[in-house]
Amino acid sequence: MRLGLVIDLDVCVGCHACAVSCKQWNASGTTGALPDYQPYGAEPSGVWFNRIRHFEVGSYPNSKTVNFPMSCMHCEDADCVTVCPTGASYKRAEDGIVLIDQDKCMGCNYCSWACPYGARELDRSTGTMKKCTLCVDRIYDQNIPVEDRQPACVLTCPAHARMFGDFDDPDSEVSKVVREREGYMLLPELGYNPTNHYLPPRKHKPIPVEMSADKTGLAGKLKQFVNRMVKR
Amino acid sequence: MHARIPTEDHARQEVKYSTCYMCACRCGIKVTLQEGKVRFIQGNRNHPTNQGVLCAKGSAGIMKQYSKARLSEPLIRKPGTERGAGEFEVISWEQALDILTQRLQEIRATDPSKLAFFTGRDQMQALTGLWAQQFGTPNWAAHGGFCSVNMAVAGLYTIGFSFWEFGAPDWDYAKYFIMWGVAEDHSSNPIKIGLEKLKRGGGKFVTVNPVRTGYSAIADEWVPIKPGMDGLFALSIVHVLLSRELFDYEFLVNYTNATWLVIQNPGHPDDGLFLRDVNGQPQVWDLERETFVNGIEAGITPALFGDFVAQDGRRLKTVFSLMAERYLDERYAPANVAAECGVPAETIERIALEMAHVAFKESIEFPIEWTDVWGRKHDKVVGRPVAMYAMRGISAHSNGFHACRAIHFIQMLLGALDGPGNFRARAPYPKPIPPHQQPENNVDIINAPNTALSRPPLGFPTRPEDLVIDERGNPLRIDKAYSWEAPLSSHGLMHMVITNAANHDPYALDTLILFMSNMAWNSTMNTQAIQDMLRQKDPESFGEYKIPFLVVVDAFHSEMVNFADLVLPDTTYLERHDCISLLDRPISEPDAAADAIRYPLITPDRNVRPWQEVMVELASRLKFPAFTNKDGTRKFRDYPDFIVNYERSPGVGFLSGWRGKNGDKFLKGEPNPNQWQAYINNQSFFAHHWPDNQKYMRFVNRDYLEVASDAGFLGKVEPIIMQFYSEPLQKFRLAGQGLYDGPQPKDPADKERLTKYFDPLPLWYEPLEQQRVDAEEYPFYALTQRPMFMYHSWDSQNAWLRQIMAQNYLYMNARKATDLGLKDFDWVWVESRNGRIRCQLKTMEGCQENTVWTWNAIGKQKGAWGLKEEASEATRGFLLNHLISELLPERNGERRITNSDPVSGQAAWFDLRVKIRKAEPGETGSWPQFPSIKRLPTDSYSRPEVLRYDARIAQDDKGQS
Amino acid sequence: MHPAFSVIFFTVLSGAGFGLFALLYLADLFKLGGGMPGAHVFWTGVLAIVMVGVGLLSSTLHLANPRNAWRAFSRWRTSWLSREGVLSVAFYPFAMIYLALYWLDIWPIVRHLSGALATLIAWMTIFSTAMIYASLKTIRQWNTPLVPAAYLSLGHFSGGMILLVVAMMAKVDVMPYVLMSLFQLFVAAFVKMIYFYWITRIGVGSTINTATGFTRAQVRLLDAGHTHGTFLTQEFGYQVPRMRASGLKVISMVLAFGLPVLLLGLALKQANLALSMAALLSVFAGLVAERWLFFAEARHVVNLFHGSQRC
Ligand SMILES: Nc1nc2c(c(=O)[nH]1)N[C@H]1C(S)=C(S)[C@@H](COP(=O)(O)OP(=O)(O)OC[C@H]3O[C@@H](n4cnc5c(=O)[nH]c(N)nc54)[C@H](O)[C@@H]3O)O[C@H]1N2
Ligand SMILES: Nc1nc2c(c(=O)[nH]1)N[C@H]1C(S)=C(S)[C@@H](COP(=O)(O)OP(=O)(O)OC[C@H]3O[C@@H](n4cnc5c(=O)[nH]c(N)nc54)[C@H](O)[C@@H]3O)O[C@H]1N2
Ligand code: SF4
Ligand code: SF4
Ligand code: SF4
Ligand code: SF4
Ligand code: SF4
Ligand SMILES: [Mo]
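Protein chains in written order, with this note's numbering: chain A, 1 to 232; chain B, 1 to 961; chain C, 1 to 311.
One or more of the hints may lead you astray.
Taking lysine to aspartate or glutamate pairs in the EDC-like style, the calculated list, with each CA pair at most 20 Å apart, reads [as the list claims (entries may be wrong)]: (1) B/Lys317 - B/Glu245; (2) A/Lys231 - B/Asp329; (3) A/Lys91 - A/Asp103; (4) B/Lys842 - A/Glu210; (5) B/Lys868 - A/Glu43; (6) A/Lys231 - B/Glu727; (7) B/Lys746 - B/Glu354; (8) A/Lys221 - B/Asp307; (9) B/Lys668 - B/Asp631; (10) A/Lys221 - B/Glu245; (11) B/Lys623 - B/Glu613; (12) B/Lys197 - A/Glu210; (13) B/Lys361 - A/Glu210; (14) A/Lys203 - B/Asp307; (15) B/Lys665 - B/Glu706; (16) A/Lys221 - B/Asp329; (17) B/Lys934 - B/Asp565; (18) A/Lys231 - B/Asp710; (19) B/Lys934 - B/Glu849; (20) B/Lys16 - A/Asp141.
If you want the ones that stay clear, here's a sample from chain A, every Cβ over 10 Å from chain B, calculated [what the hints assert, rightly or not]: (21) Met1; (22) His16; (23) Ala33; (24) Glu56; (25) Glu76; (26) Asp148; (27) Glu182.
Here chain A is said to cover these stretches of chain C; the calculated rule only asks that three of the stretch's residues, wherever they fall, bring their Cβ under 8 Å from a Cβ of chain A [to be verified]: (28) 128-142; (29) 221-227.
Just so you know, the hints here were simulated from the structure itself, not pulled from any lab data.
Just so you know, even glycine gets a beta-carbon here, dropped at the ideal spot from N, CA and C.
With the rest of the complex left out, here is chain A (with noise of 0.2 Å):
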């Protein structure tokens, strides 16, 4: 299995809904309490796994906005296991899951490093590193209904923007959606294949219109309106 998600661009209005949950799942969760840095001083901050930037592409007036949330790709080739000097950080065979061991880590950052699509965050207060955990505790939660065993963040996005599945199953909603829509990965140059994918968006097909502006003055135009028989 290679579980992971997709990200439809298409639809993706930016809400941070995702985001929420996920910290909110979380907070409570493997690997929570996630920090809060200044919650209610100056400069609020703290740990989440999974962030919403917002870009725009083009330039007026034919700029697009895209709404981009992000979060641990469960990379194939996650250089953040590999470099990862303790042991913490883990790739599970069984499903493609990237992990760490709070217990193992000592917080050296240097799977931070290693990874470039910022999904690790060190937690000031424990000194480990923190990160998505693909919600590794609610989906094979046998104890909670079937369609709840899914991750926070899919769970509540209101615009369906994101899917969870099995990569290696061909015929899987994620595996059909990224073929059918040409899914694609960020920063496919760095070599770490990562198992999210982003749609791109759609292009609406034009809608046919006979542009040749209608003339007619006023007047004419009046005259050509004719009543019709129309019983009600």
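Dock chains B and C with the ligands against chain A, hints included.
Quick look at chains B and C with the ligands alone, frame taken from chain A:
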């Protein structure tokens, strides 16, 4: 080898369902509690509103629940201290209620109008309105007047339902969707769910908005219109549709007043009114019978076009002929409006034609049998799958009423209303046009001591006689709603309350109760001046304030709380009973009538009481008729008891599900003592799904109308004919022209406004403020938008959400900024005719060139919201509101007039024009800065440098681990 | 990259320590300048070991959770950081045996063997340290063989300068030491110059376009989704102003190479201890600046998601 992944300890958890409160969308939530602490809030997938999803605000409910700004005891302003100084003393609930009861008793026994009770987006206006009515004061309204009354009134006077919360696009079948001026909306999650559906189905999404963020980001086409120009743009589309004869002839004839005959008799009191028969029925010309017939009836063949002469010789024209004359005029040709709108003529024409193509060439048919109100059977419904939605980008301009009507014109021309793929009504809408409910305006009743009003304070005037004014024409309401200044202000003018009350214009108040609205900060225009008014003393009566007694009901330490004389601390949404009622602004969807509840999932750890409880308590103490038995004892034990047992009319109460003694009736039925439990068992909501034959064309759908009138949504079963031509507007115009046979305004300003703006057909005019402000001196339009992850001022207290945004910037078109020598992160001075502010600039591509904008309500007063004084929100964030005035610029010899739509009284937030210059070196930080708000005596919350919330770890009562 | 002082200190110090040890051993092996007296060799060796040790300890300062530092020895198969740790620890027994046998003056074969091994490990350690950086595909300014070349040459150059001072104090024939230092200086300066030249002409690698997948239009960051810094902006967001970087580059080159060349040139004529001490100090000051720049000029690709156009 690797760590075992621990899963949830479900034995320590409980799952409960309730309703989100973080915004007015009111999604269903599924709350996992871990030994009394909130572990996880997710969307309820069975809920009709959000179908399982949840937005950022909803997901951050935990940090709201454990906010440091929570109020925890009733407070009274410390004797001898000044209002606004923030000195409070704790009092008991008994004391607080005694003080208030005594005060209210006195007011009620003397001059009930001296109480004003205004509320924010509370979602329980049925109760607050009833309370005010029972008290006997006309001075009640919710936030609609500063929110989106333009949309409500334009819709309810035109199509019988409206944008805002009374309708929704049919996302399942729409193929073309055009969104006007929406950033987030009350229908927050449904729009997101819907846009994805639409795009997945290959539908086209067009956004008309000066700014491209959020929803607009994912539009297939962005129309960066100049602010305030939508009316013109829409009317130009109308021009294209008319000039190409692209309209749904049958729809117009059957379901609109396009064929009704308008009297052409300039200079006479009947000019512009409909030709009516002796029974008051509007007349049309029957092409078959060649005579005038009742336009409401079936079996007629009305003429859509034409000039006619009435039996009595008066000249007549059909509504549609009047429309054609007006909108076919070259004034509205795309080429002639392009420059004003900032939209190329080609784009205007193409969009009009695209819509027409989809409406007429890609129409859909469902083999659904239905019966119309005239008893005729139809074997199918036809959908012209063009849907629209519009909100504050239209609404928050002083020409928004007409702009919104212009948009409805496009929908009516296309026959694209309440059919498959259209903008469709949400129960209890559609209603008669306008709804048959008049605001209380009987002076004797209003002035009568200890007397309830005979009807609610708010309603829908149809003629000058319905205004709420005295015989001299003076407003009877403190906000001057339903006066000549804003005749159709059906949601009141909350933004005028403080100004008017402080000016004792039209009269002085004794007590002002503000519930759930931050009127001293972000929901007011002219913040600084408003704060001064709140502190203003009355030179006439020693030591008294201009507004003598100010009661603030809030759950959190807002800027408004700081000005209270009495603070009544409310519970949070997870701690109380609530009811989201069909009598109110319900959560219905087009396919289902729905309502919902909240019930306490968490026991408050503070001495707080739900405001609903307090209202029922006060109503009982004050012996309001509806709350008192014949023998004088209280009728309702508490709020839940009231909700179950109160009947507005027999069988109709606040909750529509599980009515009847056995709980087996819906919409209507006797009270059911177990109703709350029934809701709780059904995950806290009720949905009545309309059968297929009642889903569409409900304005004339007999089966639907029968159920609706039975349930009390409507008075009786009658066709709801959509109104292109608005006769009520014409009546007010006649009054302005001095032709009306009834009350008429005396002030020339009113006359002029009525004559100009009460046009029975939509028109476009330059927004009022802009008519009086030099566009060259103030070259930029200035707007705000709501961020999707923040609810007005109240989410900055949220430790998670404020990490996403703790400072707002002023955004400007990048090329424009370069031209002006400005760049990212420059501090700039922004100046309007009302004042100036300093803020930080950011540039972007997706912004119309003449427009600057910022996120709404991020800026905070120091010390508020449980934040430390150095919080970015206070030092670097800013409010645009300082630049906006609640009054139009002064004009010689004219009284000061509200900066609102002249028809609906809608606050014109977005008419603002500004100029911008770079701040001097060293001038950094936002300006103005306000004095820091003092910490409350009850605030013993720790504000740690690091917060580590974890529901599994025991916390103290401060929500602190 | 955020230039963390502990890491700068560590890399400069331990690099020099390892370089010093390697050169000390070689000088001992080839009896450079006639061979230094035993005590000098011994104490210089101790100095090298201490420098390595202090460097290593300081590197643990930047660990957020040093309790688990011991685990860093476990992943030597894949992690250069782990390898560096393993090797630097492995260095100690051999280096100590070498010095102990020197002190005791016994078992020359064993001594040489362990000296050779320690030298080999020293080289490998410097190489590993360099590879910690050079192996990161995320930072193009590091992802080059020039980095190990620079670490090795700078480590030897700085270590050699110490050895030169020792040689002067030991009053052996300093000429070979001076020549060796000059040679190393030129090699190091050459490598570093190539590096500086190379990073300015690094060409187009990852851009905001490849980062977002929008390769055919201008892409600009509108909002990073947080008002204030995050771990990522703190760790990777550091950006040294271009003018300051160029200035510092000149200063570091002058201090590390220019000034020492002059001083060594003088030293060539008159074996003056003070001059070479001054040169040594100048070298270390230059190297600290060089190392600071090494971090400060490195642009992690994650910056593309925070608004950089290219990295
Ligand atoms: N997350 C979140 N959701 C909310 C709220 C909140 O605070 N936060 N508030 C709730 C409330 S009270 C309300 S009233 C609704 C309002 O919801 P919206 O109607 O979405 O209100 P705004 O955010 O003011 O968005 C107005 C939009 O109109 C655009 N605009 C401004 N002027 C013009 C114009 O002249 N023409 C056009 N075409 N567009 C224009 C602006 O750029 C902006 O995108 O949202 C509700 N939902
Ligand atoms: N510049 C500019 N200004 C605007 C707008 C704009 O677009 N631009 N939009 C306008 C519009 S449409 C609106 S609706 C207003 C909204 O403005 P406000 O009505 O002021 O809305 P909030 O800031 O959310 O304040 C609501 C208050 O309710 C309190 N509250 C929250 N939960 C509870 C509770 O459970 N019980 C009680 N009793 N109180 C609670 C909060 O603490 C807060 O003090 O802003 C208006 N102001
Ligand atoms: S995204 Fe980063 S942290 Fe996640 S697997 Fe890839 S390299 Fe590792
Ligand atoms: S920070 Fe932790 S997980 Fe990352 S490389 Fe260091 S030890 Fe491994
Ligand atoms: S999969 Fe889970 S941990 Fe990862 S981003 Fe989504 S919610 Fe967060
Ligand atoms: S929740 Fe969905 S729509 Fe919102 S930011 Fe995340 S991916 Fe985008
Ligand atoms: S849209 Fe968000 S904040 Fe509003 S009710 Fe729904 S979940 Fe709550
Ligand atoms: Mo609003």
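Practice task
Any hints from earlier that this structure breaks? Give me their numbers in increasing order, please.
Solution key: 2, 4, 6, 7, 9, 12, 14, 18, 19, 22, 23, 24 and 26
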